[in-house]
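Chains Y and Z supply the protein sequences, listed in that same order. Take the first sequence: its position 91, counting from 1, is numbered 91 in the numbering used here, and each next residue is one higher. Quick note, the numbering used here runs 1000 ahead of the 1-based positions in the second sequence.
Bear in mind the hints are in silico, worked out from the structure with no lab data behind them. Warning: the hint list may mix true and false statements.
As the list claims (entries may be wrong) - Each pair of labels, with its calculated beta carbon distance range:
{"hint": "1", "chain 1": "Z", "residue 1": "Glu1192", "chain 2": "Y", "residue 2": "Asn37", "range": "30 to 40 Å"}
{"hint": "2", "chain 1": "Z", "residue 1": "Asp1110", "chain 2": "Y", "residue 2": "Leu151", "range": "48 to 58 Å"}
{"hint": "3", "chain 1": "Z", "residue 1": "Leu1023", "chain 2": "Y", "residue 2": "Pro33", "range": "50 to 60 Å"}
{"hint": "4", "chain 1": "Y", "residue 1": "Ala92", "chain 2": "Z", "residue 2": "Glu1122", "range": "26 to 36 Å"}
{"hint": "5", "chain 1": "Z", "residue 1": "Ile1005", "chain 2": "Y", "residue 2": "Trp98", "range": "32 to 42 Å"}
{"hint": "6", "chain 1": "Y", "residue 1": "Leu151", "chain 2": "Z", "residue 2": "Phe1030", "range": "17 to 27 Å"}
{"hint": "7", "chain 1": "Y", "residue 1": "Asn37", "chain 2": "Z", "residue 2": "Pro1207", "range": "31 to 41 Å"}
{"hint": "8", "chain 1": "Z", "residue 1": "Asp1110", "chain 2": "Y", "residue 2": "Met166", "range": "24 to 34 Å"}
{"hint": "9", "chain 1": "Y", "residue 1": "Ser29", "chain 2": "Z", "residue 2": "Phe1030", "range": "20 to 30 Å"}
Keep in mind that this is a model prediction, so the values were computed, not measured. The beta-carbon is built from N, C-alpha and C at its ideal position, and this holds for glycine as well.
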Amino acid sequence: MPKTLAILVLVGVTAIGGWFVVSAWGGGSVQQPVAYNHKVHIDAGMECAACHTGAEEGTHAGIPTTDKCALCHKVDRPYPKTPKDLAFYLKANKEIPWRQLHRTRRHVYFSHQRHVALAGIDCEKCHGDVKKKTTPFDRAAFPDRQAGMNLCVDCHRKEKVTTDCMACHR
Amino acid sequence: MTQDIGARNLVRVFLGVWSALGLFYAFLMFRSLLWSPSFYIDHTHYESQRPLAQPAALALQAEAKNKFARDPGVRRGRELFRREGCALCHGLGGKKGILSKNYVKDRVPDLATLAERLLLYEPEDVEAVLPALAAGQSLDKVDKLDLPNPAPVVAKYADARKVILDGNPGGKKDEKGVQPIDMPAWKDTLTEPDINRIIAYLLTLYPWEEG
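Can you build the whole structure from these sequences, using the hints too?
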């Protein structure tokens, strides 16, 4: 019995520890509910902040609601082409359950407005070359797959902007 | 070393659990280093640092210089223009519409020059109609407009309002081609006062300084 118990405890601790390790490294990719193609929309002339309305004026950039897709996409029209997965949500009049990947930690304050509107930083600087992206984000587009502090502080140092702790960790 | 099997097993369990906890603790230490400021921050001198917010010259700054930008009605119109999705097709700031296949004008109309289309050719003309529109009032319900010839302006305004309320199918370049993107109808989504505020906002976008 003690031997079994010991084995069970070790397996349990290993499993819990393993789960933490996997989650720390971001795990695998996630699948988005709709195969959104950034390139097609940007090539047509759409701007980032037109969909992500908080990018210039808010803390969070935000993800557009399904009714915004419905302004152009009609299930009974050949143009613009409406993929089947999008058509499902339009017909059902349901919100697309996007899986948010770009997020800051709870102990970090990040304002999109300060960086986009005031500092004039292009979205690609942090989110990568979205203009070429034909598949939806399946993982965060930051250089090391998470918005580590080195990404922020490197840029703040280059631009000679504050690196005071309280500026971001309020 | 004890000969008691039960005790030895208990020791093994004890050591196993504490080893696992120790490994977990080491893992947490490693993770915390990723967020540690000590790796990334030098001893900078605060007096040499510039403030965080920089008055950069951007489109929003250019908009903010517009003297009408602070009017609550105009701000409301701007918020609606962005939030309701108008900017998706007409562009942020109404400057450049998106491409629309088989559309007679190739691109969805830009709205920054709406003032011209409403026959308002001078900034004073826009100032004459803006207070009423920003307050949500329709121009055809205003008793007197301070314009040289208000009737055609009101007629053009009514046309623009009708397009927003009822929508408008996109004109085809090639009749046999696909139907371009239509202007959707907004009468079930936007109230008439809100539409007037959106028009007020669009009138403030005209690039007068560019001539």
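Each hint, compared with the structure:
{"no.": "1", "hint": "Glu1192(Z) - Asn37(Y): 30 to 40 Å", "in the structure": "37 Å, holds"}
{"no.": "2", "hint": "Asp1110(Z) - Leu151(Y): 48 to 58 Å", "in the structure": "36 Å, violated"}
{"no.": "3", "hint": "Leu1023(Z) - Pro33(Y): 50 to 60 Å", "in the structure": "37 Å, violated"}
{"no.": "4", "hint": "Ala92(Y) - Glu1122(Z): 26 to 36 Å", "in the structure": "51 Å, violated"}
{"no.": "5", "hint": "Ile1005(Z) - Trp98(Y): 32 to 42 Å", "in the structure": "57 Å, violated"}
{"no.": "6", "hint": "Leu151(Y) - Phe1030(Z): 17 to 27 Å", "in the structure": "19 Å, holds"}
{"no.": "7", "hint": "Asn37(Y) - Pro1207(Z): 31 to 41 Å", "in the structure": "33 Å, holds"}
{"no.": "8", "hint": "Asp1110(Z) - Met166(Y): 24 to 34 Å", "in the structure": "43 Å, violated"}
{"no.": "9", "hint": "Ser29(Y) - Phe1030(Z): 20 to 30 Å", "in the structure": "24 Å, holds"}
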